[in-house]
Each structure stands twice: as structure tokens, then as C-alpha cells.
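J.: Model the full structure from these sequences, guided by the hints.
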Amino acid sequence: MNKEIAPQSSHGGQRQASEGFGLEAIPPSGRLHWLRPTLIYAGCMVSFPVIYAGAILFQMYSFGQSIFGILIALVAILVFDWINSALGADTGRPASMISRGTFGTPVSRWFISVILVLICLGWFGIQVEITSRLFLFSFFSNSTDSFEPSFYCFITIVLGLIFALPSIIGLKIFPWIYFLSIPIILLVSLGSIILTISNFGGIASAFQFLQSGPSSQTSLSYGVTVLIGVAAAQFLMLSDYSRFIRKLWPDSLYIPLTGIIPPGFFLFLTGMILAINSGSGDVVKILVYDLNLPVWVLAVLIFGQGTTVLVGAYSAGLALANIFNITRAESRSWITTLAVFIGIGLACLNFFRYFYYFLFFVALVCPALGIVLAIDHFSFRKRLWKSKKEANWVAFWATFFGCLFGALIPGGYPTFLSIFLSVLIYFLGVYFSSKKKNWPFAVEMKKNKGGLLKFGFPFFHFLFLGSGIAAFLPLFFNSPLEELSVILGCFLIGIGFFLQIKRERGLAVELGGD
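Using my numbering, you'd call the opening residue of the sequence shown number 35 and step up by one each time.
Just so you know, the hints here were simulated from the structure itself, not pulled from any lab data. Note that the structure is a prediction, hence the values are computed from the model and not measured. There's no promise every hint is true.
[Stated by the list, open to error] Distance condition first, Cα-Cα at most 25 Å in a straight line; then the derived BS3-like pairs of lysine-lysine:
| # | residue 1 | residue 2 |
| --- | --- | --- |
| 1 | K281 | K319 |
| 2 | K536 | K470 |
| 3 | K469 | K416 |
| 4 | K281 | K536 |
| 5 | K471 | K416 |
| 6 | K422 | K470 |
| 7 | K416 | K536 |
T.: Spelled out as C-alpha cells, the structure:
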């Protein structure tokens, strides 16, 4: 029996939407204004790893190259965040649960959710570690960066538990925390930029120094991959929060357009400007030692930075709940507590040293997984969601080999190579597997007069064309055609998705699960 995803009353839905759902669908009566989930994800973007990514970029490229790289990355982030945001809004479910319809429950629980746990706990550990270092450098000055391990772990555990508490309780307190944390980090960042410029004797001198940065002959693909990696987890898990919004269009676009892109650009730029203070990209040391910010400013900044760990802990809890098949919101709190302790353990082990490799992994895997979920839901399944008890090994191997080949192919942009190859392999796998009798993930294939497969239009065809352009043209062109081909590819994907969702009304239909 088909059912629209609206199983609860208005009063109960509003209460749960405020306090936190488990894996169940958010009913239309329990949806919220798009500003609230936007605020949550803006708080995720307004964080130190984003500033660090900008600082890393400035160590590799000139100012002009860095700005161009930021624009390319933000175009990709906008398009793919929008697609995943719409996926959550349409189904009302988190990514770990949505994947049960595409990958099947076994693969969803032991592949998708494990990937999500690793990524979310990685972010949580990195955020807690940065916060702990900021605290120690601010109040226990140690320029050698070699604090007593037991003391460092103690501080890390205390800060991690304090800042993770709201994610254990639920979403009710999230918006109120971000009302405070977002302006704190933005204002301190702005003040740091002004202080840096004044230290160089004014805007003209600082800008001249910026222009004297390294002019690398290396492709911008490395730098853009780092920037995309900061936000690429959103390509898969933004649905954990966008499932609370009321409308597929235009609410799904508002989240990345207002809550992710503007702060992302500002903080990438902040990292670049701060990096001119020293020869390294260690933002914490720059703030404490190079800019000599007052202790009270650093204390306020610690609070603001600490609140950004919430999203990582909350999403890790949802993914763990899917692994252990925990569907109740109350049980999610306990499993989130387990995720918090694992994340704190990563922070104590200095997981931040692998920051660059972590970003590359996220930029390679999350976009491919997210786009396979989106193309399967919006095109192959025609927005009919159903949890499947069987395993879809076609989706698993398509994503696995797409990411593997994307990592191994020299040159180009690994993110778009993995996206294109995953979609291509999945399409071919579904096409031939659907000819088998009683394949549980079969899709009806038809041909039009031109001989083209007549399904998934326009999203599938534009995605295939756009991702192909972004993946392969950079292999044959040099800058700036290399970068322009990526922008063109993302633009085509966005056009196709817009045409797809504008012609369809309402929310997804949920079929009775297995």
C-alpha cells in the first residue's frame, strides 16, 4: 500500500521536529521553516576547518589562482548541496535511511552507514582537536605544541563532552546555539582580517603581499579538491537536516544558497589572508601568537568553535542507529553518546595530522554516494521510496569502482571523475540487471524515437553530460579552460535538476517497506 510520508499529527510532529527524530520520516505536519535547518548547516560551515582549507590553498597558489579555485569549489558545493538537500526534503528521511531504498538494507547498514560514521566522527574529532588546541594555546601558552599527553587528553575529553551534549539531547537547542556561535566566529574572523591588514600597514600593502604569493604551475584541481572536501560530506548527509523543510522547491535551494555559500566564501578568504602572517597555515597559532588576540576574545571564539562539533556527532549517531537498526529517537541519544566518545578518542590521537588526506577521501567518496542516491530516487524510482531488505550489489560495486577509478586516473578532478564513473557504471548495471527476472531493484526502460533511453529526463541526461564534461575535459585542457569546463559541467547539472523538480509537485510517495 502506498502512503505519503505524513504519518503523524501536527502537534506530535512539531514536538518531535523540535526535539529530534530518529530514522523515521518527518511528516509534512512536523516540518519547519527552511531557516532553521539552514542555520544549523551554516553553523557547520562556519568553523575552523574551512579557514584552514583557505590557508592551505594560499600555501599552494597565488592570490588570483586561489580566488578562482574558491569560485569553482563554491559552484560545485552549491549544485550538489542543493541536490542532496532536495533528496532529504522529498523523503523526509536521513541519508542512512534513504540509502535503504537504493542500496538495500544490508548494504545501507554496513557500507553507507559505516562510511557516514567514519566521516562524521572524523569531522567531530578534527573539530574537538582544534578547539582543544585553541584552548591550550590561549590559556596555557606553549609555542612548542608539545603539551603533556595526559593533560591534553583531559582537556579534550572535557571540551568534547560539553560541546557534544546538545547533539545527544536532540535538535531543540541547535538553532539557539547557532544564533550565538555563527556571529562569534564571523566577527572574530572579520576582526582578524582587519588586524592582519593593519599589521601590514594598510589594504594596499597587504594586497601587494597577497599578490606576491606562490604562482604554481600545478593544476588547480588539487586545491579545489581540498575546498570541496571541506563541504563534500554535505553532498551525502545534508538530508539529515533538510528533511525538516516544508517544500522541495525552493526551500531545498535556500539552504546552500544562504547558509553555506556566503560563509564558505568569507572563511576561505579569511584563511588566505591570515596565512600571510606566517609561513604556515596553522590558524590557531596565527590567532594566538601572530595576532595576539586578547584572552577574552579567544575564550569567546572557543565557545563559538566548540558548537560546530554538534552536526558531526548528531549525524554519526543517526548512521550508527541505522547500523544497529535503532529507529526510536530516545535510543538515538544513547547511540550518539557512543559516537561522541569515539570522536573524542580520535581527537586525543591527533587525527588532525591527516586533515589533507581526510579531505581527499571525503571529496572522492561522498559526492559519488550522494549522486547515486539522488539519481536513483529522482530518475530511476520516480520519487517512489521503499526500504528494501535485499542488497543492491549493483549500486555498491558501481560506487566502489567509480571512486576507485576516480582516485587512480591521473590528472583532472577526482570528485567529478568518481561521480561520472559511478553514475555510468550504475546505469549500465541497472540496465542489464533489470532484464533479469524478479530482480528487486529493476527499473522499467523504454526508448523514444531517437533511440535514447526515455527515463530520468532531464536530470539523468544533464547529469551524465555535465559530470562527463567536468570529469574529462580537464584531462585535455590547461588552465583556464580546465576550470571553465568544471563550471560548465556543474551549471548543466544544476539546470537539469531544476527542470526535474520544477515539473513535479508535492513530496515523495513512500511504498510499504519490506
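J.: Does each hint fit the structure? Answer for all of them.
T.: Checked hints:
Of the pairs offered as hints, the one joining K281 and K319 is violated, with about 44 Å between alpha carbons and a cut-off of 25 Å exceeded. At roughly 34 Å between alpha-carbon atoms, K536 and K470 are farther apart than 25 Å, so this suggested pair is violated. For the proposed pair K469 and K416, the alpha carbon gap of about 19 Å is at most 25 Å, so the pair holds. Between K281 and K536, the direct Cα distance comes to roughly 12 Å. Compliance with the 25 Å bound is thereby established for this hinted pair.
Proximity of K471 to K416 is assessed by CA-CA distance (about 21 Å); at most 25 Å being required, the pair is judged to hold. For the given pair, K422 sits about 18 Å from K470 by alpha-carbon distance, which is consistent with the 25 Å threshold. Straight-line distance between C-alpha atoms of K416 and K536 comes to about 14 Å, which keeps the hinted pair within the 25 Å bound.
The structure fails to meet hints 1, 2 from the earlier list, while all remaining hints are met.
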